Amino acid sequence: MICPPMISLGLYIVILMFCCFSRETYNSLTNWLTDARTLASPNIIIILCGNKKDLDAEREVTFLEASRFAQENELMFLETSALTGENVEEAFLKCARTILNKIDSGELRF
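Mapped onto mature numbering (1 follows the signal peptide of the UniProt record, and there is no 0), the consecutive letters of the sequence shown carry residue numbers -22 to -1, 1 to 88.
The set of hints was computed from the structure by calculation and includes no laboratory data. Since the model is a prediction, treat every value here as computed from it, not as a measurement. Treat the hints with care, as some may be off.
Claimed, not checked - No farther apart than 25 Å at their CA atoms in a straight line, the calculated lysine to aspartate or glutamate pairs in the DMTMM-like style are these:
1. K80 - E36
2. K72 - E52
3. K30 - D82
4. K80 - E57
As the list claims (entries may be wrong) - Taking CB as the label site, the calculated pair distances span:
5. G84 - R15: 19 to 27 Å
6. S45 - R87: 28 to 36 Å
7. N21 - S59: 17 to 25 Å
8. E50 - S83: 18 to 26 Å
9. I(-10) - Q49: 13 to 21 Å
10. G84 - A35: 44 to 52 Å
11. E36 - T8: 31 to 39 Å
12. L33 - S83: 18 to 26 Å
13. R87 - D34: 17 to 25 Å
14. Q49 - D82: 22 to 30 Å
15. N5 - M54: 16 to 24 Å
16. L78 - R1: 29 to 37 Å
17. R87 - L33: 36 to 44 Å
Every residue, glycine too, gets a C-beta built ideally from N, C-alpha and C.
Using the sequences plus the hints, can you model the full thing?
See below:
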């Protein structure tokens, strides 16, 4: 079962997450991205996270494939593992750095 993203007007950060071993979640990204860009703030920061990176043997979505999707859609991208903690903190730090840079440049105001 795929859970739809929870997006509301005024959001500034969205983390789109798919499972590296689930083609179904990856295939939903285009719709989720459209929803995020339609429903949230125009200055939204979106990071794409491929989760369960630790399950390489079961992988259905390659790093290169997800990386290309992120590049084509101007998204930050990381693969993460909740099990090992790999890149989990980095995902939040990337979001924080990006939002601070947008505030400093005047691109984002509250």
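Return the numbers of the hints above that this structure violates; sort them in rising order. 1, 3, 7, 11, 12, 13
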